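Going down the list, the protein sequences come from chains A and G.
For the first sequence, the working numbering begins at 46 and goes up steadily by one.
For the second sequence, the working numbering begins at 439 and goes up steadily by one.
Errors might be hidden in some of the hints.
Simulated crosslink set (DSS-like; lysine-lysine; CA at most 25 Å straight-line) [to be verified]:
id	chain 1	residue 1	chain 2	residue 2
1	G	Lys-683	A	Lys-119
2	A	Lys-429	A	Lys-417
3	G	Lys-724	G	Lys-751
4	G	Lys-653	A	Lys-270
5	A	Lys-270	A	Lys-285
6	G	Lys-708	G	Lys-750
7	A	Lys-399	G	Lys-575
8	A	Lys-119	G	Lys-661
9	G	Lys-756	G	Lys-722
10	G	Lys-653	G	Lys-683
11	G	Lys-575	A	Lys-395
12	G	Lys-722	A	Lys-424
13	G	Lys-462	A	Lys-125
14	G	Lys-503	G	Lys-756
15	G	Lys-661	A	Lys-125
Ranges of calculated distance between the beta carbons of each label pair, as one might list FRET restraints [to be verified]:
id	chain 1	residue 1	chain 2	residue 2	range
16	A	Thr-463	G	Lys-701	25 to 35 Å
17	A	Glu-157	G	Ser-664	21 to 31 Å
18	A	Glu-432	G	Asp-687	52 to 62 Å
19	G	Gln-626	A	Ser-123	35 to 45 Å
20	A	Thr-463	G	Asp-712	23 to 33 Å
21	A	Thr-421	G	Lys-724	25 to 35 Å
22	A	Arg-388	G	Asp-629	42 to 52 Å
To be clear, the hints were calculated from the coordinates, so they are not data collected in a lab.
A quick note: this is a predicted structure, and the numbers were derived from the prediction, not measured.
The C-beta atom is built at its ideal place from N, Cα and C for all residues, glycine as well.
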Amino acid sequence: MASANTDWFGQGRQAWEKAQQSYWQNWMRWMQSNPTADSPFPSFAANVAPDMEQFWSESFVDAFDRWRQMFFPKAPESAKDFMERATGMGRSYLQMAEAFYRAGSGKGSIDEELINSWLGAMQASFKQWKQQLESGFDVEMPGIPGFESMVMKFWQSTIDTMMSGAALQGREFPDFSAMMFPGAGPGRQQLDKMLGMPALGYGREKQEKIRQFSELLAQYGDALKAYRIAFARLGMRSFKEMKKRLDELEQPIDSMRGLYDFWVEVNEDVYGKFAMSDEYQVIYGDLVNSLMAVRQASRELMEDMYEAMHLPTQTDVDALSSKLQQARRENRELRKQFAALNRRVDILEKEADKKPSKTTRKTASRKVVTQKDDLTQIKGIGSKMQERLYEHGITAMEQLAAMSRQSVEELEKAINATGRITREQWVRQARSMLDDEN
Amino acid sequence: MSPVNMKPQDILNEVRQFNEKFAKGIHSLMQTGEISSGVTPREAIYRDDKLVLYRYQSKKKVTNKTPLLIVYALVNRPYMADLQEDRSLIRGLLDAGQDVYLIDWGYPDAGDRYLGLDDYINGYIDDCVSVLRELYKIEQINLLGICQGGTFSVCYSAMHPDRVRNLITMVTPVDFHTRDNMLSHWVQNVDVDLLVDTCGNIPGDMLNWMFLNLKPYALMGQKYLSVVDVMDDPDALEGFMRMEKWIFDSPDQAGEAYRQFIKDFFQGNKLMSDDVVIGNMEVKLKDIRMPILNIYAEQDHLVPPDASRALKKKVGSKDYTELSFPGGHIGIYVSGRAQKIIPSAIGEWLDGR
Numbered sequence: 046m047a048s049a050n051t052d053w054f055g056q057g058r059q060a061w062e063k064a065q066q067s068y069w070q071n072w073m074r075w076m077q078s079n080p081t082a083d084s085p086f087p088s089f090a091a092n093v094a095p096d097m098e099q100f101w102s103e104s105f106v107d108a109f110d111r112w113r114q115m116f117f118p119k120a121p122e123s124a125k126d127f128m129e130r131a132t133g134m135g136r137s138y139l140q141m142a143e144a145f146y147r148a149g150s151g152k153g154s155i156d157e158e159l160i161n162s163w164l165g166a167m168q169a170s171f172k173q174w175k176q177q178l179e180s181g182f183d184v185e186m187p188g189i190p191g192f193e194s195m196v197m198k199f200w201q202s203t204i205d206t207m208m209s210g211a212a213l214q215g216r217e218f219p220d221f222s223a224m225m226f227p228g229a230g231p232g233r234q235q236l237d238k239m240l241g242m243p244a245l246g247y248g249r250e251k252q253e254k255i256r257q258f259s260e261l262l263a264q265y266g267d268a269l270k271a272y273r274i275a276f277a278r279l280g281m282r283s284f285k286e287m288k289k290r291l292d293e294l295e296q297p298i299d300s301m302r303g304l305y306d307f308w309v310e311v312n313e314d315v316y317g318k319f320a321m322s323d324e325y326q327v328i329y330g331d332l333v334n335s336l337m338a339v340r341q342a343s344r345e346l347m348e349d350m351y352e353a354m355h356l357p358t359q360t361d362v363d364a365l366s367s368k369l370q371q372a373r374r375e376n377r378e379l380r381k382q383f384a385a386l387n388r389r390v391d392i393l394e395k396e397a398d399k400k401p402s403k404t405t406r407k408t409a410s411r412k413v414v415t416q417k418d419d420l421t422q423i424k425g426i427g428s429k430m431q432e433r434l435y436e437h438g439i440t441a442m443e444q445l446a447a448m449s450r451q452s453v454e455e456l457e458k459a460i461n462a463t464g465r466i467t468r469e470q471w472v473r474q475a476r477s478m479l480d481d482e483n
Numbered sequence: 439m440s441p442v443n444m445k446p447q448d449i450l451n452e453v454r455q456f457n458e459k460f461a462k463g464i465h466s467l468m469q470t471g472e473i474s475s476g477v478t479p480r481e482a483i484y485r486d487d488k489l490v491l492y493r494y495q496s497k498k499k500v501t502n503k504t505p506l507l508i509v510y511a512l513v514n515r516p517y518m519a520d521l522q523e524d525r526s527l528i529r530g531l532l533d534a535g536q537d538v539y540l541i542d543w544g545y546p547d548a549g550d551r552y553l554g555l556d557d558y559i560n561g562y563i564d565d566c567v568s569v570l571r572e573l574y575k576i577e578q579i580n581l582l583g584i585c586q587g588g589t590f591s592v593c594y595s596a597m598h599p600d601r602v603r604n605l606i607t608m609v610t611p612v613d614f615h616t617r618d619n620m621l622s623h624w625v626q627n628v629d630v631d632l633l634v635d636t637c638g639n640i641p642g643d644m645l646n647w648m649f650l651n652l653k654p655y656a657l658m659g660q661k662y663l664s665v666v667d668v669m670d671d672p673d674a675l676e677g678f679m680r681m682e683k684w685i686f687d688s689p690d691q692a693g694e695a696y697r698q699f700i701k702d703f704f705q706g707n708k709l710m711s712d713d714v715v716i717g718n719m720e721v722k723l724k725d726i727r728m729p730i731l732n733i734y735a736e737q738d739h740l741v742p743p744d745a746s747r748a749l750k751k752k753v754g755s756k757d758y759t760e761l762s763f764p765g766g767h768i769g770i771y772v773s774g775r776a777q778k779i780i781p782s783a784i785g786e787w788l789d790g791r
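Isolated chain A, as found in the complex (with noise of 0.2 Å):
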């Protein structure tokens, strides 16, 4: 039997090599005639011959990544994130396809009986999973088929874009991504050998603040094993459910596609009621808050350095952007005053160059300077709060109407009514007394 299976590999890899060879052959030529979208292209199954069926069927997967690396390279760099998607998918599709079909060749279909035999060592696999992390292992979700470890893979592609400008790589910091769980394996060694460092320069103080983030980091250890655990349960269910829905099925699903679709339908409802629960609510909170919380404390650690070094911070940053800010404000806010006053002077243009003489002209621009509006209609401002309001260059109801609530605390300072021009609403008033005049 086993000399039987050694001369069927041994032919069979011969014949693979050949039809590989003109395959991928074909291909070469294909792709050096700079291909156009009429030419045609090779075949995969005119280059195989059909007794090679078997051996294809056992390495999917293997074909499969053998196109993935050879047109990677040469796509086009728009398609290259869409093509990473579709292949990474279509992998795991085709693995999932591979477990079915090297199970059901054994028996010569795929039926109930190895439907739930796959669906029970998924639900054992998870299981283990769930143990393994309540008992504080370190260890990655097992893949779902079809969809590998996806969910999971979220959370740390969210890590990868949370922490990537943290800078926490490096000699100073540990690796933060083997520090998942602070508690066990590397992620532990690396915090002691952290904790060991010599406290050169900063004493005591850095030490404390070093103890502090590595409470944080168990903190987050913490919030990520919950999570994971929920996950496993997740798992579970998922499994559970599938069972329960094929056992209510009416026509059994004869295609590998359909039972894909049918899991993909399965695994979303199962999901969708749980990211519902005020579980994952709460689990989802703590591990979003404890991650912030320790990227909050490795930036001081970092911040830290920098200023010894007399490096900008993030900090100091901050307080940049934030003053620019402040100066767009103002800016927008003269702007507008400066608009406004335009438009006075277009209007006050107009109604002189209604007069006939140049000089009533002239005396009327030159008006636009002293122009007072009656400041008094607006309620709130008596005849003393508008002389008030006149020496601090307020003239116009345009002026008012255009302030920013920036210049609205200015002049409260200023005419010494502090919160009194909020509250009677000037700003408000006199836009919509304008309204009415317009």
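Go by the hints and put chain G onto chain A.
Showing chain G alone in chain A's frame:
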């Protein structure tokens, strides 16, 4: 009955077909150039910081004299409303005789971290409205807000009712605490102050992952297998790639605006209790008395219909119309059905007012 009934040979055939389709698809993929988006000719008529106000050029006669200003969300990019020739809300609105303008917010950077909702709504939006009022010598313009841009438009209309003639909201959240709002459910226990204080601007990728995780198995898995079925059709593939480009083209969110939006709207649901204050102005929905057309999508997984429909009972308008679209949050702009229904409905509604 066995719930699954397949022969190994069937799987083999399926895998073969899958590989062949994929190979053909890759062939099409190699031919795709730069994916274009935003197809209707337009000119920039006003700029401020990163904001650009565009006017779209119509092939047809503009019949509605009041300009229509589209306010898009800060998340994702506004070319969703003008994706391709045959899938463009903007093109449809132009064809319906509207004079269309759109605010493009651009991509905030570190210098924009302190941009708040007051800057966006009473600053940028108000400036754009002023530009149009001046240009057309009119007091009021028509406002069309999309998604978060719709929420901004609602706030703007409440604070400056004298400047808005008609308000149209599309897939716009108003009640953020409906039972089916997954995004809202997720953020209730998030310490937003800590998040913004730590991150500054909120990375667009992070939000994008959040959106994809509303339906992870379909949006990150199944979708990429389904596309294999149409990959041999270059047009279909290009359409898919264009959507992909849009989905992953997520600008970062200005920190302060994000902070207030999450705290006051998502967590506090203050729009519903009239407790939102933007800058020094209160937002009272009763102050909205202009005609309203509220359009929502029945299968919207991001903004559930009830979140939008809540507007009806809160506003002071007597002229309130709802339009329910049988589709999803994105389909409402890009699906074939949407092209037929939405722009003409908006045009007719506006022309009558």
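Holds or violated: are the alpha carbons of Lys-683(G) and Lys-119(A) at most 25 Å from each other?
holds (19 Å)
Verify the proposed pairing of Lys-503(G) with Lys-756(G), using a straight-line Cα cut of 25 Å.
Satisfied, since the Cα-Cα distance of roughly 23 Å is no more than 25 Å.
For the pair Thr-463(A) and Asp-712(G), does the Cβ-Cβ distance stay inside 23 to 33 Å?
Check passed, 26 Å falls within 23 to 33 Å.
Has the given pair, Lys-756(G) with Lys-722(G), been kept, meaning a C-alpha gap of at most 25 Å?
holds (16 Å)
Need the status of pair Lys-429(A), Lys-417(A): alpha-carbon distance at most 25 Å?
Holds, at roughly 14 Å.
If you check the beta carbons of Glu-432(A) and Asp-687(G), does the distance land in 52 to 62 Å?
holds (56 Å)
Supplied distance hint 21 to 31 Å, evaluated on CB atoms of Glu-157(A) and Ser-664(G)
holds (27 Å)
Can you tell me whether the CB distance of Arg-388(A) to Asp-629(G) sits inside 42 to 52 Å?
At roughly 46 Å between Cβ atoms, Asp-629(G) and Arg-388(A) fall inside 42 to 52 Å, so the hint holds.
Confirm or reject the claim that Thr-463(A) and Lys-701(G) have a C-beta distance inside 25 to 35 Å.
The hinted range 25 to 35 Å holds for Thr-463(A) and Lys-701(G), with Cβ atoms some 27 Å apart.
Does the alpha-carbon distance linking Lys-653(G) and Lys-683(G) stay inside the 25 Å limit?
With Cα atoms ~19 Å apart, Lys-653(G) and Lys-683(G) stay inside 25 Å; holds.
Are Lys-653(G) and Lys-270(A) close enough, with their CA atoms no more than 25 Å apart?
holds (23 Å)
Please work out if Lys-119(A) and Lys-661(G) have their alpha carbons no farther apart than 25 Å.
Holds. Lys-119(A) to Lys-661(G) sits at ~24 Å (cutoff 25 Å).
Every hint, counting from the list given before, is met by this structure.
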